[in-house]
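Asks: Chains as they are written, first to last, in my numbering: chain A, 21 to 417; chain B, 21 to 417; chain C, 21 to 417; chain D, 21 to 417.
FYI, nobody ran anything at the bench for these hints, they're computed from the structure. All values derive from a computational prediction rather than experimental measurement. A hint or two may mislead.
Stated by the list, open to error - Cut-off 27 Å, straight-line C-alpha distance, at most; resulting in silico cross-link-like pairs (BS3-like, lysine-lysine): (1) B/Lys186 / A/Lys185; (2) C/Lys224 / D/Lys186; (3) D/Lys368 / C/Lys225; (4) A/Lys341 / D/Lys368; (5) C/Lys342 / D/Lys123.
4 protein chains.
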Amino acid sequence: MEREALFTLLDEFQIETPSWGYADTGTRFGKFFQAAAASTIEEKLADAGIVNRYTGCCPLVATHVLWDFKADTNPDEVVRLAEEHSVRIGSINPNLFQDQAYKFGSACSPNPEARREADAHVEDCIEIARAVNSQVLSFWFADGTNYPGQDDIVTRKRRMEEALKKWHDALPPGMTMLVEYKPFEPAFYETDIADWGMAYLYAKKAGPNAKVLVDTGHHLQGCNIEQIVAWLLDEDMLGGFHFNDRKYADDDLTMGSIDPYAVFRIFHEIRNAAELHGRDVSQIAYMVDQSHNLKPKIEAMIQTALTAQELYAKACLVDRKKLQDAQTRMDIVDAEECLREAFYTDVKPLLREWRERHGLDADPMQAYRASGYEARVAQEREAARQERGEVAASSYA
Amino acid sequence: MEREALFTLLDEFQIETPSWGYADTGTRFGKFFQAAAASTIEEKLADAGIVNRYTGCCPLVATHVLWDFKADTNPDEVVRLAEEHSVRIGSINPNLFQDQAYKFGSACSPNPEARREADAHVEDCIEIARAVNSQVLSFWFADGTNYPGQDDIVTRKRRMEEALKKWHDALPPGMTMLVEYKPFEPAFYETDIADWGMAYLYAKKAGPNAKVLVDTGHHLQGCNIEQIVAWLLDEDMLGGFHFNDRKYADDDLTMGSIDPYAVFRIFHEIRNAAELHGRDVSQIAYMVDQSHNLKPKIEAMIQTALTAQELYAKACLVDRKKLQDAQTRMDIVDAEECLREAFYTDVKPLLREWRERHGLDADPMQAYRASGYEARVAQEREAARQERGEVAASSYA
Amino acid sequence: MEREALFTLLDEFQIETPSWGYADTGTRFGKFFQAAAASTIEEKLADAGIVNRYTGCCPLVATHVLWDFKADTNPDEVVRLAEEHSVRIGSINPNLFQDQAYKFGSACSPNPEARREADAHVEDCIEIARAVNSQVLSFWFADGTNYPGQDDIVTRKRRMEEALKKWHDALPPGMTMLVEYKPFEPAFYETDIADWGMAYLYAKKAGPNAKVLVDTGHHLQGCNIEQIVAWLLDEDMLGGFHFNDRKYADDDLTMGSIDPYAVFRIFHEIRNAAELHGRDVSQIAYMVDQSHNLKPKIEAMIQTALTAQELYAKACLVDRKKLQDAQTRMDIVDAEECLREAFYTDVKPLLREWRERHGLDADPMQAYRASGYEARVAQEREAARQERGEVAASSYA
Amino acid sequence: MEREALFTLLDEFQIETPSWGYADTGTRFGKFFQAAAASTIEEKLADAGIVNRYTGCCPLVATHVLWDFKADTNPDEVVRLAEEHSVRIGSINPNLFQDQAYKFGSACSPNPEARREADAHVEDCIEIARAVNSQVLSFWFADGTNYPGQDDIVTRKRRMEEALKKWHDALPPGMTMLVEYKPFEPAFYETDIADWGMAYLYAKKAGPNAKVLVDTGHHLQGCNIEQIVAWLLDEDMLGGFHFNDRKYADDDLTMGSIDPYAVFRIFHEIRNAAELHGRDVSQIAYMVDQSHNLKPKIEAMIQTALTAQELYAKACLVDRKKLQDAQTRMDIVDAEECLREAFYTDVKPLLREWRERHGLDADPMQAYRASGYEARVAQEREAARQERGEVAASSYA
């Protein structure tokens with residue numbers, strides 16, 4: 021691939037970082053608090069702006085309605101803050117799991133009150149999306165059951181179908197609804213959208229603006245994720261990604277930290293769809309969703325963005341003509357080596373050049389560290405929390 | 021549930037045993053040969069007849085075209101043999117994996133020769149199905165790839181779509197085509213029909229007479245199989261089952277030997293679909309597909325049929341009114357106990373009574389053992405193999 | 021097995037319920053609060069007393085030092101409270117994961133401060149254990165790393181060896197130290213005690229009073245837990261259990277809710293060890309450790325105790341002579357049926373009789389529900405929390 | 021790391037290829053035969069010689085007693101043939117699974133006849149090992165059970181302990197016995213050496229010359245293999261490896277084809293043990309054990325050797341001083357980047373240079389292909405098979 025063509029592809033490869041990725045998160049056993057972690061939407065947007073400033077490829081920020089848009093938050097003010105930090109609001113994420121009403125689910129709950137609450141919340145989300153000019157409403161449901169018999173699987177399925185159809189029809193023109201799947205956690209017997217097949221069927225029934233969201237950590241062990249990506253692309257049903265890595269369950273580690281070759285193969289299928297099968301891949305939302313609770317938040321996000329770029333660049337470098345030829349000749353070794361050659365290519369010089377062209381620092385991590393940003397906001401935010409009288413605490417039992 | 025209603029449900033619960041379940045099978049590390057194992061279609065039908073004679077619930081026999089219908093086999097003769105042993109031919113199973121041509125797949129192979137061979141074989145299978153008056157053409161494909169890059173996933177998908185559509189359209193009226201999925205083995209990187217979502221989409225595209233086949237051993241670890249069954253039933257896309265049990269991969273152990281509560285929950289969803297959601301479940305094909313290579317063949321099959329009946333009877337006994345009430349009240353413990361109460365009910369007396377009504381022996385296993393059948397055919401078949409000059413041998417390398 | 025012999029075995033089968041099982045727990049996505057959930061050690065002991073009163077088999081309570089013994093808690097008072105509720109303090113559980121110091125581990129942390137804090141905490145725990153006359157110090161470590169390279173695996177191993185040896189040597193005579201293993205969560209790359217082999221080696225190196233603790237939810241998918249139990253018993257290294265059930269990861273569902281046959285097989289190996297291999301199984305600690313966050317706390321615990329008793333009774337009923345005979349004859353079907361026959365035996369009448377002999381209600385769940393306890397304490401505890409000014413809150417981000 | 025130091029490490033990194041890797045293998049569903057596949061020990065040694073000639077790092081050949089040493093094979097002749105092809109006999113592998121006697125196991129079988137046969141076979145193997153001057157007797161057992169209750173786990177454990185002890189004591193001085201573990205397949209309920217903990221205990225009980233063999237495909241999903249390697253090295257119990265890759269079960273794909281970063285991490289732990297913890301790693305046997313049944317045999321082996329060298333070289337390049345420093349500072353990002361930097365380093369130029377120094381072709385695969393060897397032996401071997409009257413056939417049922 022020509023250098024210029026690659027650079028164009030890199031220009032188009034834009035990553036959305038999540039507002040909650042700058043805040044303290046943890047496991048059920050507790051949270052380890054970071055002084056520099058963001059609490060307010062302003063702090064989160066500031067951090068996202070920093071990540072974009074050093075990487076040059078993270079102009080969008082996913083927001084979480086419950087955590088980022090409080091009752092008294094003015095959406096216009098959020099848009100302004102984003103602009104101030106040179107980022108834009110990306111996807112809008114409803115929260116349909118945290119309220120006590122959702123004990124038995126949200127859209128699928130046997131409790132009509134919970135379903136009503138979910139309904140009202142999604143209406144609010146659509147309003148906010150409209151107000152901040154977001155194009156993507158991104159649904160993840162914790163809905164499911166913990167014990168055999170707890171609820172009727174089919175009845176729950178139909179409740180979900182009805183809700184998604186209704187919400188789809190309430191979308192303003194141009195807005196896409198993403199339906200995310202996950203095999204388990206926090207539901208431990210049955211999850212109402214457990215795999216891509218279920219998400220696909222829900223999206224199809226909801227309507228033409230519904231697509232499937234693939235979170236790379238939301239699969240059973242062994243699952244061939246790149247095959248699912250290839251299928252969804254071929255069915256024109258891939259809406260986007262939540263990127264993260266995992267070794268066991270939904271570990272939410274930083275992307276590419278455990279199995280980088282698998283991430284490369286996902287990107288390879290996307291480039292295949294575009295270059296071999298004529299698919300339009302320009303609307304895929306590349307979103308990060310991690311819980312890097314031990315790594316410093318911004319460093320983790322910069323590392324993630326750089327890793328994503330590197331692996332995407334490697335996938336762009338696959339010699340597709342040579343590959344197709346080897347596949348036609350049924351020469352497995354040659355075909356496989358096309359992928360391996362691209363994967364093992366050292367793309368760091370290319371990416372340094374891409375950064376220089378965009379007036380970015382050649383080593384974003386080092387430049388960020390040298391800036392002293394983390395130490396500065398740590399001090400400021402500690403003080404602000406103290407002023408607000410916040411006490412960071414979390415206990416399993 | 022009333023005893024009479026339960027007995028009617030048991031009358032309708034008919035199991036299809038596979039011809040290859042009476043023959044020697046093994047693992048890649050070798051086969052352990054049984055003297056009484058069946059080699060010819062006549063021997064297999066005789067054994068299936070024995071299983072049906074003692075259990076009273078296995079009137080159908082699945083046949084495998086390559087192994088059961090040789091070039092010189094007269095289908096009419098097979099039908100006659102089946103009748104002689106008081107069984108009927110059930111599903112017809114093409115073999116699209118054993119021939120050397122299928123090294124890179126059958127319908128999905130990049131090798132046009134392999135695709136042509138697959139095509140011709142399926143045409144033959146349809147002919148045979150017509151001739152033996154079978155209603156079910158049951159497809160399992162070993163198609164897939166072993167290494168990243170070996171072949172293009174989307175190109176393979178389209179080859180499969182085309183083939184299935186063509187074969188669907190060649191089906192005689194009234195015949196159903198089943199599409200089975202499997203996550204891996206013998207393909208170890210990517211399997212062309214890897215999960216229910218892919219089987220569903222292939223079947224939908226093939227046409228109205230294509231349904232999905234659920235093999236209980238063909239799922240990744242942790243997968244909630246009963247949920248898939250509930251979904252397929254609700255989408256009117258469940259064609260039937262291949263029953264077996266597993267602890268690790270596609271272990272092909274006898275049904276209910278590892279996790280009987282899971283099998284019970286599958287049957288529970290079927291009864292739910294029928295009784296709560298008005299689904300017609302009468303066309304579901306309950307087929308056994310195991311590789312009980314250590315247990316004596318016929319004993320394993322009798323044990324399987326009895327286990328299936330017991331677990332099905334338990335599922336029939338779930339008090340669905342009480343369950344629905346507990347679910348509505350969101351009383352998880354009460355709801356769960358509805359399932360557990362049914363599962364732990366001792367149904368053996370009921371099944372003994374059902375057998376007596378049908379003139380069967382109350383203890384089929386004991387009766388079969390007392391018959392001396394195994395010892396007798398062992399002797400006969402050893403002699404026959406000797407006469408044919410067959411030497412049983414199998415080596416991994 | 022004779023009824024009297026079975027009843028003696030049931031008398032000896034005593035379950036320890038965890039104090040934290042009566043408090044609100046949740047997942048990383050939040051907690052659903054129950055009005056009747058216990059907050060104080062007094063409330064927890066009261067609830068444990070109720071469970072024991074209705075089941076007659078739960079006389080012991082595991083305590084968690086951080087959550088149950090505050091700085092101003094008088095251990096003697098805890099003992100007195102336990103007596104008041106007719107229970108005894110069972111195992112003492114240090115907490116080496118919640119404090120901010122433990123961000124990179126406790127005993128294995130590269131941070132010497134964390135190791136010192138762990139040290140001091142364990143010393144306190146031993147003091148408390150001595151004071152409340154507990155015989156069991158039960159260790160679970162969250163220690164591990166999230167990313168390849170984060171820390172040196174061998175260096176961490178040696179730190180753990182040293183700490184456990186030191187703590188072992190500080191145990192008062194007669195006290196046992198249990199070492200629990202877990203493959204992952206909250207560490208998502210490497211866990212310092214990841215499997216039974218590591219726990220075994222640590223315990224061996226610590227000294228003769230260290231044994232292995234098997235938490236039934238702490239294994240990779242597919243793992244044969246009963247085999248590990250059989251091995252540990254044969255090596256005289258099984259200290260006890262944490263019972264719970266799971267379908268996916270460490271789901272912490274109530275015991276026997278997902279795969280009851282697997283629990284039965286564990287009990288079968290224990291009875292085998294005792295009856296066939298002459299092992300002393302009287303010191304095994306049968307502890308419950310679940311996070312039944314949706315089920316009402318006490319109901320979940322009663323259901324668990326009843327399930328454990330039923331499955332244990334079934335395992336006692338295995339005809340071991342018949343089984344050994346079938347195994348010797350290599351008759352797989354007969355051997356397997358020995359287990360299945362026991363598993364499917366309806367033991368409810370036997371357990372009702374056992375309860376009547378002990379002056380217990382024949383249906384403990386119904387009797388508990390009829391008592392109105394939950395509604396009463398819900399009101400009292402709500403009021404108490406209000407008085408203390410507590411606000412229940414939990415948020416993922 | 022200095023170039024010269026790296027080259028020395030590469031010189032010491034010698035790979036043993038398996039004789040059966042040059043023969044036709046397959047899955048239980050059949051074998052796809054390759055015209056050039058080796059049948060006789062002479063052909064296998066010739067192929068191994070070719071792999072060594074082009075890669076320069078595969079001087080050893082593992083042999084399988086049953087398949088390579090027939091009753092009339094003269095071990096001296098095998099040694100001579102090896103020398104002729106410039107390779108040496110490496111490990112000796114008994115076959116304790118293929119004979120019909122082993123239906124219920126070998127060393128663990130309840131059948132005394134099977135145990136006697138195993139005994140005699142191992143004695144033969146030791147004789148052969150002595151005759152061909154092999155230092156390594158490498159045990160893999162298929163022993164296990166398929167159904168709960170089939171046999172007594174503890175009784176089987178003791179049979180294995182006794183056998184291994186006996187065989188250990190029969191080893192000539194200087195010979196090492198390797199004990200391999202595997203979680204499942206071909207045993208599908210319980211495997212008698214299921215994990216590293218069991219292999220460790222068996223080896224410890226057998227005696228000082230018994231070590232554990234890690235086959236990289238023999239672990240449950242998610243298992244952290246490099247941690248096991250680090251532990252075994254720290255306990256001085258790591259004997260060697262069987263290298264291959266897998267995505268699902270024991271898929272036996274070529275090494276590094278699915279998750280190369282995981283292989284790199286294993287090598288990293290070996291280098292860590294040597295450089296940080298002073299372990300002697302010179303005796304580790306690096307053996308390949310794959311079933312590349314679709315790839316051309318020799319190409320697959322060359323690809324494997326090159327991949328192993330590249331990943332080993334990358335692991336040698338980890339800056340251990342920098343890593344230790346980052347670990348001490350608890351800087352996760354810096355520590356992780358030490359590994360990633362080494363992994364993503366392009367080592368191909370270094371390896372080309374290493375080859376040139378050894379008078380090897382810079383591109384071994386291309387050179388081998390250019391040699392025309394495969395086409396030539398394909399013709400010869402086809403003819404030889406025809407002359408011997410061999411018919412290649414394999415059928416699942």
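Asks: Check each numbered hint against the structure and report the violated ones by number, ascending.
Replies: Violated hints: 1 and 3; rest satisfied.
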